[in-house]
Structures are given as C-alpha cells and as structure tokens.
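**Q** Here is what each chain is made of, one letter per residue.
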Amino acid sequence: MFPELNNILNSTPDSFKSSDFILVSDRQADASFLIHHYLSFYLRAGCKVCFLGLVQSFSHYSAVGQRLGVSLAQAREKGQLVFLEGLKDSIGAILQEESSQGTQHLSYLRSPGAGLKGLFRFVESSVRQNGDHDDGESWGPPVLLIDDLSVLLSLGVTVGAILDFTLYCQATMCTELQGNMVILVRCEEEDADDDEEGANLLQRGLVHQCNLALHVEGLPTGYCRDIHGQMQVWWRQSGETMYNPRKTFHFKVHDKGASFFARGTSSAVL
Amino acid sequence: MAAPVRCMAGSSSRSNTTSFQKKTRSKLVSIPGTRPSVRSSSRSNTTSFQKKTRSKLVSIPGTRPSVQNGQLLLSSGVSSLDYVIGGGLAVGTLLLVEEDRYDSYSRMLLKYFLAEGVVCGHELFLASARDHPDEIMQELPSPIMDEVASLKISEGQPQPSDPENPDTMKIAWRYQNQPRVQTALASSLRFGHYYDVSKTMEPELRQTAKCHSFYQLQETPVTTGSSPLPSPYHALLKSIQTVIRKEGFDGSTPQSKTRNVLRLGLHSLGSALWGDDVCCKDNPAHCHALSTFLYALRGLLRTSLSVAMVTVPSHLIQNRAVMGRIIRLSDTAIALESFRGSEKETNPLYKDYHGLLHVRQLPHLNCLSCEGPDTKDLAFKLKRKQFTIERLHLPPDLSETVSRVSKTELAAGCGTTATGNKHLDF
Numbered sequence: 001m002f003p004e005l006n007n008i009l010n011s012t013p014d015s016f017k018s019s020d021f022i023l024v025s026d027r028q029a030d031a032s033f034l035i036h037h038y039l040s041f042y043l044r045a046g047c048k049v050c051f052l053g054l055v056q057s058f059s060h061y062s063a064v065g066q067r068l069g070v071s072l073a074q075a076r077e078k079g080q081l082v083f084l085e086g087l088k089d090s091i092g093a094i095l096q097e098e099s100s101q102g103t104q105h106l107s108y109l110r111s112p113g114a115g116l117k118g119l120f121r122f123v124e125s126s127v128r129q130n131g132d133h134d135d136g137e138s139w140g141p142p143v144l145l146i147d148d149l150s151v152l153l154s155l156g157v158t159v160g161a162i163l164d165f166t167l168y169c170q171a172t173m174c175t176e177l178q179g180n181m182v183i184l185v186r187c188e189e190e191d192a193d194d195d196e197e198g199a200n201l202l203q204r205g206l207v208h209q210c211n212l213a214l215h216v217e218g219l220p221t222g223y224c225r226d227i228h229g230q231m232q233v234w235w236r237q238s239g240e241t242m243y244n245p246r247k248t249f250h251f252k253v254h255d256k257g258a259s260f261f262a263r264g265t266s267s268a269v270l
Numbered sequence: 001m002a003a004p005v006r007c008m009a010g011s012s013s014r015s016n017t018t019s020f021q022k023k024t025r026s027k028l029v030s031i032p033g034t035r036p037s038v039r040s041s042s043r044s045n046t047t048s049f050q051k052k053t054r055s056k057l058v059s060i061p062g063t064r065p066s067v068q069n070g071q072l073l074l075s076s077g078v079s080s081l082d083y084v085i086g087g088g089l090a091v092g093t094l095l096l097v098e099e100d101r102y103d104s105y106s107r108m109l110l111k112y113f114l115a116e117g118v119v120c121g122h123e124l125f126l127a128s129a130r131d132h133p134d135e136i137m138q139e140l141p142s143p144i145m146d147e148v149a150s151l152k153i154s155e156g157q158p159q160p161s162d163p164e165n166p167d168t169m170k171i172a173w174r175y176q177n178q179p180r181v182q183t184a185l186a187s188s189l190r191f192g193h194y195y196d197v198s199k200t201m202e203p204e205l206r207q208t209a210k211c212h213s214f215y216q217l218q219e220t221p222v223t224t225g226s227s228p229l230p231s232p233y234h235a236l237l238k239s240i241q242t243v244i245r246k247e248g249f250d251g252s253t254p255q256s257k258t259r260n261v262l263r264l265g266l267h268s269l270g271s272a273l274w275g276d277d278v279c280c281k282d283n284p285a286h287c288h289a290l291s292t293f294l295y296a297l298r299g300l301l302r303t304s305l306s307v308a309m310v311t312v313p314s315h316l317i318q319n320r321a322v323m324g325r326i327i328r329l330s331d332t333a334i335a336l337e338s339f340r341g342s343e344k345e346t347n348p349l350y351k352d353y354h355g356l357l358h359v360r361q362l363p364h365l366n367c368l369s370c371e372g373p374d375t376k377d378l379a380f381k382l383k384r385k386q387f388t389i390e391r392l393h394l395p396p397d398l399s400e401t402v403s404r405v406s407k408t409e410l411a412a413g414c415g416t417t418a419t420g421n422k423h424l425d426f
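Sequence lines, in order, name chains B and V.
Quick note: the first sequence uses UniProt numbering, first residue 1, plus one each step.
Quick note: the second sequence uses UniProt numbering, first residue 1, plus one each step.
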C-alpha cells in the first residue's frame, strides 16, 4: 500500500468507495506495482479478495506483499484471499492431461473458442462463499483483482469474450455485492498495427466500463533513472463529487513502495 | 516480521555483544564457487552469539543468490550480459533473445549459455529444428580454465593509454582528473567463466555433461486433438515436462539427492521449421501458438530448477502486436541488432562494434522495482576470442585534419573533376 497514492485517490483502507471498477493499464512501462498496492490495500481493509494471478507465481506476490506489510499466506489460510495461480495450473490444461480435469475454470486453454465461462464461475463461487462459513470471521465487501487480463489474448481468447467476462464480473461484484474490481491490462505500442484482436481495443472497451482509470506510461522523452514514468488518473464524472477529471503524476518505484509527484518536481531535478 | 534474509544476516553479524540466539532462516549459506552477498559473520569472534542456520538450499555449483531479492542466479556465460540483465539469469525464468538477421550472434549467445552449463556441471536440454542439436553441441566454445581473472579482464578491455606513453591523447586540463569512462561492463567480482570462441570445447569435457536433445525433424508428428498448440510445440513441451519430472528438477526427489539445474536452450522458435506461420504471414492462423507455448513453458520453469534461453527470429515477425505479447510473456528479453548488411556497418560512428543490444524487458521477481542498467545505449562486439557487450560511446575525433581532408576528398568525388584535381596539383 502506497500512502501517497491513497492521498491522490482520496481513499484509505478504512474508508474507500465501494462499487468501483478500477482499470489499471500500461504502455511501454510496468504498472504491476499498482496491482501490489491494491492487493495490500484491500487485504488491510479486511475485504474478501479473489485474486487471479495469471502471469506470476504465488511466491512472487507473497514476497512483494511481505515487503508491503501483508502476509498473503496467512490471508489465504484464513480464507480472506482466494488465489488462482494461472501459470501453475495451465500446463496440465494445455497438454490435455487427464489428471487436470479438475481445473474447469481454465476451460479456455483446452479449446480456443470456449470463452471464459469457467473462469467466471470460479470468481463467482469464491466471492459468494463469504457469507456461509462458520468460524466467526466475516470479511468486508468482496474484491476481484486480476493481474494482467491481456494475457488471455495471447492464449487465444477473443476481445469480445473478455469484455463479456468483465461485464458479468462487474454486474456481480460491483452492482450486486457492492464490492470492487481492479483489473490490469497491458497495451501495445501506439503505432502497432491496429488489428481487431488487439490489446488496445480491449483497453478502450474497459475504459468505457470503468469508474476510475490509472494509466501508466514511460516518459515520452525516454528512459530515466530517477523518474520511472508517468501516471494519468481519470475519474468518471458522477453526480455529487466533482473531481478534477484528469491528472498526471510522475512516479518512481522503490524497493518497498512508490513515490508520486507533480511533473517537474522530481528530487533529481530540484 | 520477516525482513529480507540479507538484512537479517547483515545486522546479526554486527551485534557482537548479544547473547540473543537468533534463528536465522538464512537461505544463502555457502554455495561453493559463488560469491558471498551477505556480510560474513566472521568478524564476531568474541561473542556468545550463535547463529543457528538451517541451510535449506542445497548447494548447486555455478549459482549464486541475488543481492537484490535472494533469487538464485546463474551465469549466461557472457559476464557482460549478466551485468546488463541484473546479475545473471534467475532460476525459473525465461530469457528471450531476438535473433539478428543472420543468426550468428544469437547462436553464439546460445553456445555460451550451453558451454557455461557444461563447465558448471548442469544438465542441458537443447531443442532445434534446423541443425541437429549434436552439431550445435560440437561448436561450443572452449573454456579458459586458468584462474587468473585479472589477466582476462585486462585482456578484455581496450588498452588504456598510460601516462608515460608519449602517444597519449592530449585533453584539456580540466578534464584530466575526470575518471576514465569505463566502457566494459563487468561487476566487481567474477561470476561465470571465460571462453575462447576461436577454439571448440574438448570432447571429453563436453561428454561429461548430461544433455537431452530434441530434434524437430526426427520427431514423428502426433495428432494433438483439440489442443491449442500445434504438434511440434506440443511434443517439445511434453518432452521438457518429461525431463523435468524424470530427472527430479521439480523438487520431487528426496533431499538426499544432489540438486542440479537444468538449462534449456530452444533455438529459433517461431520459425517455419517448427510448423509455425507466425513468421511468414501478416495475419497468421497460429498467432497464439508461440505465446501459448511460452506461457506453458514459463509455468513449467517456475515450478522447477531450470532456466531457459529461447531465440526467436523476430525480424521475420510482421505483426508487431504478436511480438509485443511474446516479449511480455518472457521474463528477460534482449534483442541483437547486427550491423551486417545494414548501412550502419560502414558508419564510422559504429566502427568499433558489430551490433547494438537492446534490452526490451527486465524481470520483476519478488520485488516491486527492477534494477536496470544505468544506460540503455549498449553495443556488442565479437573480438578474436570473446563476445562482449559494452556501453556505446563515440570515439574521439583525434585528428581534425584527417577528417577535413577526407571531407574535401568526399566533396571532390561528388563534385566536378576540376576541383577534384586540386590535391594532385600541389
């Protein structure tokens, strides 16, 4: 959890807006540090978290979580965190082994046209378990976190199927259960030929659905050691709150957090 | 509170007077042939402090723990490449090399990678579709076995001009005390071995390594049913999985057996010889095959003690979106851009180098930030015996007059004959 980002977004683990769909996207930079931020944020807030880690192993998220002061292994044991380790589970499904029949949620790997119905079932069942356990602990509103939705494109799922999946998730998580949703997508370069199956189309579709978009880019002037990139924050206009609709910050990622500053106020410049 | 292991060991070694028994779960204990990244606790010789170490990690030759995140690293065989990608290749990760146009330098990197495995006693897995894996194995460079590292380093660098030498460059006095620009990239301590590319490795040494090979042309095509992978990739993945399971790289073997690392070298994936059309068409039918394969391969690597180097002929891939996805599915990605056949070959700016090295992606492993190189202008050259990566820098224009003469000559060549004769008259 990065306190500076909480200040910018005006939210703390004790008081945050519910029913939000937060889109994190990046282009020629790495926005996965924001996923780590949200993971530790919602675990601290006591939410029931369903994490679809499609691109890294559990030990990676757990090691970073430890640096940010949350223990994923404990949260998983207590039932607060449901973790899907995509990398580990996918091998059996891709090689069509008989032993992997249990992984129904990865049905999209078995046959390319299958869609993401299985994955949605997995998400739905894991967040709905919230109410019916007996050990006394109950968690806050459910949260769905997806690290890199665009990897599904590389595995042959169509943009349409992914957008259907997020719409279903939004209806369940945000509208029905009053929870939140954070999704990371990684875009292609601006000048990449715009085929109809591209990640850029996916990102545009998701921007249309989301309430808050954080877009991370490398600096337009090139690589710099002291500023790792810039982040654009965009809020969807809603009735009573009038935010400045769009802001840009520079950021630098450290070992145990990240610092955000207004443009031109990097400590390397001043 | 679980601090990173490195900090724990560092602070405990300084607490000389404590009688507090700390149970360090130090994973970084004594791996022979590696360099220590923790401050050694040998200074505390008068203390009642006793370090209770549970060495969980079995020592594997040719590996060392990363200073940054405790990951187990191994050398790619080229020490300057290790430096560029953050100290070495982490176990369980995938290095993608985008081939240069004639596949000469990327092939050399692959041979370095395999030779390092042979010298360290790692197991190898080599897959190829064009040349037989045994042929590639026969071309491995010969290791330089003598342990005089300093000699190698001085040999590897361009000869610095010493002050007594009358031929030294004359520079403005205010720059005289500036530190010399180090172009050679190397970390302070040695990791990995040096190789002589002008000689091939002795067969006796080569045969000490256990090498599994996969030759696409000898495989009988199998029907894969509804698998998303075309048959060669499916067979290759299956074969890798079998090796990992059978040889116990997935940690399934009992602790008593000595652990080893598997090095996977996959040559020219994505080319038409692998039955993939990602290279030949703008809108390929199998555009997800290679990325799906890499995804599954990464899953296999993450759960085992293995490292893969994959070379891909990216200059053939028309669809840049596909290439971007392939890069994102690998951990470390570098691209070799050779000058051969391009106009940069004759550019005097690049006369010291054979090509440019682009670092496309660096891995994020167990940490938020990744330690990149401080410059992205990197070039490589192949010297008589050695492949190195250096910081790209412009050579000083030593002789002003010479370049002026050449400029007028150049102008004369393009101009009329009347001005061209000017030099001959005087």
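In short, the hints are calculated from the structure, not lab data.
Beta carbons are placed, not taken as given, at the ideal position from N, Cα and C, and that holds for glycine.
Be aware that one or more of the hints could be misleading.
Interface residues of chain B toward chain V, partial, derived using beta-carbon atoms under 8 Å [unchecked claim]:
| id | residue |
| --- | --- |
| 1 | F33 |
| 2 | S57 |
| 3 | H60 |
| 4 | V64 |
| 5 | K88 |
| 6 | S90 |
| 7 | S154 |
| 8 | G156 |
| 9 | T158 |
| 10 | G160 |
| 11 | L163 |
| 12 | G198 |
| 13 | Y223 |
| 14 | D226 |
| 15 | I227 |
Simulated coverage check for chain V against chain B, where a stretch passes if three residues somewhere in it have a Cβ under 8 Å from a Cβ of chain B [stated by the list, open to error]:
| id | segment |
| --- | --- |
| 16 | 108-119 |
| 17 | 291-298 |
| 18 | 362-368 |
**Q** Would you mind marking each hint as holding or not holding in the structure?
**A** Hints and how they fare:
Here the hint on B/F33 is kept, as its CB sits about 5 Å from the closest CB of chain V, short of 8 Å. For B/S57, the interface hint holds, the least distance from its beta-carbon to any beta-carbon of chain V being 5 Å, beneath 8 Å. Checking B/H60 against chain V by beta carbon gives a least distance of about 6 Å; that is within 8 Å, so the hint holds. This hint holds: B/V64 has a C-beta 6 Å from the nearest C-beta of chain V, less than the 8 Å allowed.
Satisfaction of the interface hint for B/K88 is found here, the shortest Cβ-Cβ separation to chain V being roughly 6 Å, below the 8 Å cut-off. Because the smallest distance between the Cβ of B/S90 and any Cβ of chain V comes to about 5 Å, under 8 Å, the interface hint for this residue holds. Hint on B/S154 holds. Least Cβ distance to chain V is approximately 4 Å, under the 8 Å limit. Among the interface hints, the one on B/G156 holds; its C-beta lies about 4 Å from the nearest C-beta in chain V, closer than the 8 Å criterion.
A distance limit of 8 Å between C-beta atoms decides the matter here; for B/T158 the minimum to chain V is near 11 Å, and the interface restraint is violated. Because the closest C-beta pair between B/G160 and chain V is about 15 Å apart, greater than 8 Å, the hint is violated. Among the interface hints, the one on B/L163 is violated; its C-beta lies about 18 Å from the nearest C-beta in chain V, farther than the 8 Å criterion. Contact between B/G198 and chain V, as hinted, is supported at the beta carbon level, the nearest pair being about 5 Å apart and thus within 8 Å.
With 8 Å as the threshold, the beta carbon of B/Y223 comes within range of chain V, its nearest partner Cβ sitting at about 5 Å, so the hint holds. Interface hint status for B/D226: violated, as the beta-carbon distance to the closest one in chain V is roughly 11 Å, over 8 Å. A least Cβ separation of about 13 Å between B/I227 and chain V goes past the 8 Å threshold, and the interface hint is therefore violated. Check result for the segment 108-119 of chain V against chain B: violated, 0 residues qualifying (beta carbon to beta carbon below 8 Å, three or more required).
Counting residues of the segment 291-298 of chain V whose CB lies closer than 8 Å to any CB of chain B gives 5, which reaches the minimum of 3, so the coverage claim holds. Under the rule that three or more residues need a Cβ within less than 8 Å of chain B, the assignment of the segment 362-368 of chain V holds, with 5 such residues.
Violated hints, in rising order: 9, 10, 11, 14, 15, 16; the structure is consistent with all others.
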